[in-house]
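J.: Letter by letter, the chains look like this.
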Amino acid sequence: MSVLDVRDVHRVHGRGETAVHALRGVTLTVSSGELVAVMGPSGSGKSTLLNLAGGLDRPTQGEVVVDGTVLARCSRRALAALRRRRIGYVFQDLNLLASLTAAENVALPLELDGVGVRRARRIAESALSEVDLDGIGPRFPDELSGGQQQRVAIARALVGDRRLVLADEPTGALDSHTGEAVLRLLRSKVDSGAAGVLVTHEARHAAWADRVVFLRDGLIVDTAGPVDQPEELLTTPGGGR
Amino acid sequence: MSVKHGLLALLQRGPMYGYQLRAAFEESTGGTWPLNIGQVYTTLSRLERDELVRALPENEAGQRPYQITKAGRADLAAWFATPVSRSDRPRDELAIKLALALTTPGIDVRTVVQNQRAATMRTLQEYTRLKAGIDRAADLAWLLVVDSMLFQAEAEIRWLDHCEASLVRYAPPPVTIVATADESEEVRA
Numbered sequence: 042m043s044v045l046d047v048r049d050v051h052r053v054h055g056r057g058e059t060a061v062h063a064l065r066g067v068t069l070t071v072s073s074g075e076l077v078a079v080m081g082p083s084g085s086g087k088s089t090l091l092n093l094a095g096g097l098d099r100p101t102q103g104e105v106v107v108d109g110t111v112l113a114r115c116s117r118r119a120l121a122a123l124r125r126r127r128i129g130y131v132f133q134d135l136n137l138l139a140s141l142t143a144a145e146n147v148a149l150p151l152e153l154d155g156v157g158v159r160r161a162r163r164i165a166e167s168a169l170s171e172v173d174l175d176g177i178g179p180r181f182p183d184e185l186s187g188g189q190q191q192r193v194a195i196a197r198a199l200v201g202d203r204r205l206v207l208a209d210e211p212t213g214a215l216d217s218h219t220g221e222a223v224l225r226l227l228r229s230k231v232d233s234g235a236a237g238v239l240v241t242h243e244a245r246h247a248a249w250a251d252r253v254v255f256l257r258d259g260l261i262v263d264t265a266g267p268v269d270q271p272e273e274l275l276t277t278p279g280g281g282r
Numbered sequence: 004m005s006v007k008h009g010l011l012a013l014l015q016r017g018p019m020y021g022y023q024l025r026a027a028f029e030e031s032t033g034g035t036w037p038l039n040i041g042q043v044y045t046t047l048s049r050l051e052r053d054e055l056v057r058a059l060p061e062n063e064a065g066q067r068p069y070q071i072t073k074a075g076r077a078d079l080a081a082w083f084a085t086p087v088s089r090s091d092r093p094r095d096e097l098a099i100k101l102a103l104a105l106t107t108p109g110i111d112v113r114t115v116v117q118n119q120r121a122a123t124m125r126t127l128q129e130y131t132r133l134k135a136g137i138d139r140a141a142d143l144a145w146l147l148v149v150d151s152m153l154f155q156a157e158a159e160i161r162w163l164d165h166c167e168a169s170l171v172r173y174a175p176p177p178v179t180i181v182a183t184a185d186e187s188e189e190v191r192a
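Chains F and P, in that order, are what the protein sequence lines are. Here the first sequence stands for residues 42 to 282, where the numbers follow the numbering used here. Here the second sequence stands for residues 4 to 192, where the numbers follow the numbering used here.
Treat the hints as calculated values from the structure; they're not laboratory data.
For the chain F half of the interface with chain P, some residues (derived, Cβ under 10 Å), not all of them:
no.	residue
1	Glu221
2	His242
3	Glu243
4	Ala244
5	Ala247
6	Ala250
7	Asp251
8	Val253
9	Gly266
Computed from a predicted model, the values in this text were never measured in an experiment. We put the beta carbon where it would ideally sit given N, CA and C, even for glycine.
With the sequences and hints as input, model every part of the structure.
T.: Right under this line is the structure:
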């Protein structure tokens, strides 16, 4: 079942001669249980696509549908509720609130959504435990390492019943082991039924996805999916060619 | 890498006979380098000739174990101490293919780059899947072999990204087909 439907979406910034065509007719469907990576050079439209998918920006032309809801037809309030309940965001700048503890940061979207404080905290603690951060709930972001902060941000993005998870370079400047742990978490959320979109310029990270789409100049130029006979890769050292 | 040093490294663990060596070799390379038993025995006899291993008496089952010698240990230690030279590796077909694509009329280099990137990406996806299934604590050697393949594939994709960016930046003029003498005459005729 498709959770995200991006239909022939265009996004133009500015007008006239100075207009910048960030996207020029992109169509992308992401189903439940599917992780799609978006790759492409700087300025190819990756982040614009992610912002449109998350309802943080509106297309100039075309339609974005999340979990059956056409975003353009939503009131501002309905869109905010959809973003809070159904969509999880993991961005490179973590946007953790420095004045809130780790648990409060994770509980915030639930509380904004009307979940009682105690219940929200309980859910937050269990979300933190899912990302191997048992016991750090009472600590403030500046008391945590970069990797721990990133995992708090992931816990916040994955808490509750998120149908769509959007990640923009979620591994940031993390070392390769911590970065991989972040991707494993994203992967397992998707495997449990969410749909995921991962924007990255790291091929090794994109490889966690079921499908990789390549954007260039605002257009999808190619798609890579798994090969039919993976064992063939292993018949020669180095494999592939 | 040679099979020779692979076998010496395995014999460093203790004496082994041919079939044991083959199984251990394939296990330590995760099956990425299949070895036939003939190769094992040919290599063993060369190692014996060079006095790097010695044959022990046959066991009751008629299997003859081999043991590493002092010279063999020294040879192995020297091999581990010497960095692998990149110039010893076979020429990179892909680099040559791209270089030729730039100067071959009628070939769109960007398409060649993109096709290769999609193919290498698929390879990378499969390695990643393979890696996700490995018990990291129990099978560290295999994990590192898969990581090596992953990093190589990733490096190739980064290089292809770099090629694409260079193509955009320097935009080489398209190469036109130069008519051969025969074709020129045909045109005049």
